[in-house]
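Q: Below, each chain spelled out in residue letters.
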Amino acid sequence: MTDDFNEKKTPFAGQETGEHGDRKEMEIHRPDVNAWTGDACEVETDPEADENPEEERPAAEKAEEPETGKIIDVPEEIPAGETQSGTTDSEFSSEDNAPKTETPSFSDEDAMGLPDWLDDDAHRHPETDFQPESAGVELAEPENPVEEPESDGNRTILPDLPSAAPEDAAGKEAPPSVPWIRRFAYPLTGAALLIPIFVFLVLTLDAMGLTDDDDFYVPASKNYILWAERAVKGLFKGEIKEFRKSAVERGWRSNHEHPSVAKLGMGVTWLIFHKYLDWMGEIDAARLGVILFAMLLLYLIFRFSWETFGPRVAIFAVPALVAMPRTFFHMHVATLDIPTTATYFLVFYAAWRAEKSRLWVILAGLLYGIAIGTKLNGPFVVFPLVLYCFYRWRQYAVLKTFATLTFRRMIALGLSMALLSFPVFWLLWPWIWSDTIDKLQAYFHFHFHHYGIRLLYLGDVHLNPFAPWHAPFVYMLFTVPLVILVLSLNGFWHGLRQLSPHNLKYFPKGPGAKEDYLLHCALHALFAISIVAFPNNPKYGGVKLFQPFFPFLAILSGYGFHRLVERLSMLWPVFAARRKMLVPVLMLLVFLPGAIGMTRVYPYMLSYFNSLAGNLQGATEIGMERQYYDMCYKTTIEFWNQYAPTRTKVSYEPNLGEYRRTYPWYKRDGKLRNDIQTGPPNEADFMVLTHERRWSHYQELVQQYRNYPVFHTERVWGTPLYTIYDLRGDRKKKPEKKRKRSLRKKNRKMSRKKVEKQDKKKSSRKKTPPIAVPKSLQMKKPSVGTQENRPAPKKGKAAPKKAP
Amino acid sequence: MRNLRYILPGITALAFVYALLTVLWPVPDPVPAESWKAVEKLMNPHRPSGDLVIVHPSWEDGALLHFKKNFLILGRPNTDSYTVYPRIWVVLAHGAPEPGYLDGFHLDFREKVGDLEVLRYVHPDAKHVLFDFFTHIEDGRVTSVRDDDVKECNEFNLMRWWCPTKEWNHVGQRSVSIQKTWQSGIWMHPLSSRITRLEYKNVPMGKRLAGEYALSDKAADLKNIPPVVFRVLINGETVAIYESEAVPGWHAFEIDTRRWENHKATVTFEGTSKKDNMRHFCFLAQTRTDELGIPRVPKRNALPAIEVDPEREETKKRDEKQKRQKDTDDPDKDKDGDDRKNQWKRNLERRLKDHKTRREANKARREKQRESRKKSKPKASPTPSGGRGNKKGGKP
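Those protein sequences? They're chains A and B, same order as listed. For the first sequence, position 386 matches number 386 in the numbering used here, and the numbering has no gaps at all. For the second sequence, position 146 matches number 146 in the numbering used here, and the numbering has no gaps at all.
These are computed hints drawn from the structure, not numbers from a lab. Note that the Cβ used here is the ideal one computed from N, Cα and C, for glycine as well. Any given hint could be a false lead.
Unchecked claim - Simulated restraints on C-beta separations: (1) P680/A x K356/B: 28 to 38 Å; (2) G657/A x E40/B: 29 to 39 Å; (3) H450/A x Q322/B: 55 to 65 Å; (4) I11/B x L499/A: 15 to 25 Å; (5) P573/A x V17/B: 17 to 27 Å; (6) N44/B x G729/A: 51 to 61 Å; (7) L588/A x I11/B: 51 to 61 Å; (8) D108/B x L499/A: 49 to 59 Å; (9) I11/B x L463/A: 34 to 44 Å; (10) T646/A x V17/B: 35 to 45 Å.
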């Protein structure tokens, strides 16, 4: 240990060990010196408990404990392999002051309550975790060291772990005694988690309704990728006509309010799975691109969490994100929110890797360009990163050479992001290849003067001015499953505690502490949501605008879960003894309420509210949006296919315009009968009133249609989402001939036979996979509100009329 | 503090139990129809059809099947439209709490009926109201008049009277965006060169008739569009004429009705405009017992009552006098002064006159044209190309 380091550590050493300020004593007393660094997250979080542990402990415990300042003897009866690296739980030792060796449950093999091949300590990262050996810290050897072939000194390093710097790990060979399952723990666990999630996302793809944004981004994706296809083909032929200004602008004009990366991703899957392979419809093929972005995001979360906090956090964080119903929904729809979340996280990940690798410094710059090129959330990743760099800078000033992120590296990272990002952004967005400045000005002008979109928040409709600053926070609190939310708050607490004056003065946990990364996550989470909370920023669509917040929340909740396991192990010996079995059970229990809630609202994921809001019913009553996005629900499509007579005309309120845009997609993909038309309410046979109270004329619509028989009301969790009114009886009847003629005209002069023929053809060509909806949730024949038990429409009443 | 170690497991356990209980808690059954019917039975004798009914919780939509006539809001209103009602009925189901947003209203009735609880809130100002034209819209009679052409708007639906003239031409309750807040009023969109008339008979009169009128924000923003002329008549006598201004917001008005106090009268509101595009006009009015000059229901963004210009009034009176004199001079005029019966005759005569004069004028014009053609006929020219020249010969 260097003198410099000793000087810095001395003041807090005494504080940590109680009365013993001497450095040597501290080293002897704490054979788990790695907890001081890499294992520091295990240090007791309750400051009060740390301050005076002597007071609270029972006398019996005091009598049994060995004297501090002495080397702890490892009792012989403790099985080999449970002492050396199982000393991570300094939390336990600091509180109870009991030698860890007396608690077999804290042994190496099942220290995390998981199978031994998923042990956190065993998977400590060689780069990101502090290496006392490399830092010159001399570890006190126990008097009777127990031989442990699997451990490397105080820690076990898996040779096959895909490390932050694979080039370093490549040279090492795995010890021969390491079982194969442990060697492949990382890829096996990753595959076991991610593949089922991918399959689940694809299976549930069809059930998610069509949003109004789908109609913006899917055509744009098609145009972009078709241009790219033409350009590449042309290049092979030696032609460059697609690169002319007019051709580029023609190809990239659609939806040029947003950059291209997400749409290119959707376009690629559209090209492969729809155009070339014809396996999917247009919408589903484009949406597959978003699922791939989601999978990238989940993989990055898994990898970061595994390498930084250990398997338990990784295994929890990934499903935690999928278990957030709103995010789960966004993983399915062709919008920019999940792609921007993925690229945002990618920059965060790159910056983390850049702490150790020069290559990642450059990559971070390039990836930042991709993040900027996805959506306007991307550029804001810099702000928490700068704050984190300040934190690291301070750490560097205190710890000197032990800091993981040096000042020079920070500058390099900043330069890389500043210099490399824009060229990447420019290259990826051909729309701005010409008239760059003007088009960028228009781009920023559009977003800084974004038109208002209605938001119903606590009973008030906000349009202009936008909703108050707390709206995003309240929406977040109400839409994340409660138990996950509680655990994530614990993670926040531990992360933000790193900013305490004491920590900033001494950095007692050393430079590689897990809490530093936790702080990094917490800062990103806070910024991602706070950006939307600014008064000048539009707030709408529930939690849509701050999706980048949620991956960090998932990691923080994973850390909270880790803390929970540790606490329970400490408080409940039975739990400690049977951790292997109980931790998975605990994990399932944590996810259980949220999962039940999701099942109850499926497939209306945007209607999910947690128990804090009183679930969907409570949220509706306190005035929160029960749905948004002008969703064209798949259930209504199934309803028309099943029940509507031939040549039915349907209408939607309160926002018919959006539905008229989205309907053709269902027809094109063969999911909706071709003879079903949309039209204004006074011409329609059926009218769907979605109960969206943010529309000011919603109340009037309720009055307007209550005299018509209700054909079906779709209730979710006891709350009506939409009501289908039967307008046939009361519609102004045209003379039969005229009506037929007009219908034919509108149906492009298609005869009935032709329509049926086309339907047959479509249904035979594309058989969409059945939705994995439980039977209980599938739409039933309307039992309530059928024409029989509803009052008949009054004769002589005119059809609802449109105001001028 | 050794107990702190229990915080995380404790809070997590609590959250788990609470979340699990709430997600597994069965959804309450819908309120049975009998309860709704009982509520209707209780309310019907005490309420005009125009009263507002609010049902809590907002997801209990069984009310839609029952309160067919009243304006019904499920849950907290998302606009300020409820503020125009002097009386509001609140129906609570599933143990929902009392609404806390009805500022200014006080509870004057409460009763539990079956599974429901009925509350009635009254605005303190309501005691001065003798007749509210907004809530009694069903009692009105709406016509669209152009000279002799009187079209009855006799189709009542959605608290509005629908006219056979144009699809959007109706008179009744409607929410309009006024100064960026949605507020209710009696919608009376005028038609160009037609008079839309809303007539109430047997209206109990008090000391004054007070109210407000407004154009919607969109309409008020438009400049250089002819105003809506809004006229109020009592027993056929014009008592006030207002012109809408291109200023957004409510404009208050007040009419002295002490002449008719404690009597019943026929009150007519008329609206017209030279052009009918974007004339989103609405108004509110009440007959009241309180003294003149006292502000009515505190209205959001209401402008002060229009001060009547004495000079203008004098000129108006003079005009009316002259008109009356003319009418009395008219031999066809009835003794009662009601000249409507003979109006069609006069109109017919006028039209015939117009027709004659037009025909004569046309004749004269045609003759003139003929003469001019004769004069301009080209005389036989000495050259083959003629006076105007041709392709071959060019100009002479």
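Q: Any hints from earlier that this structure breaks? Give me their numbers in increasing order, please.
A: 1, 6, 7 and 10
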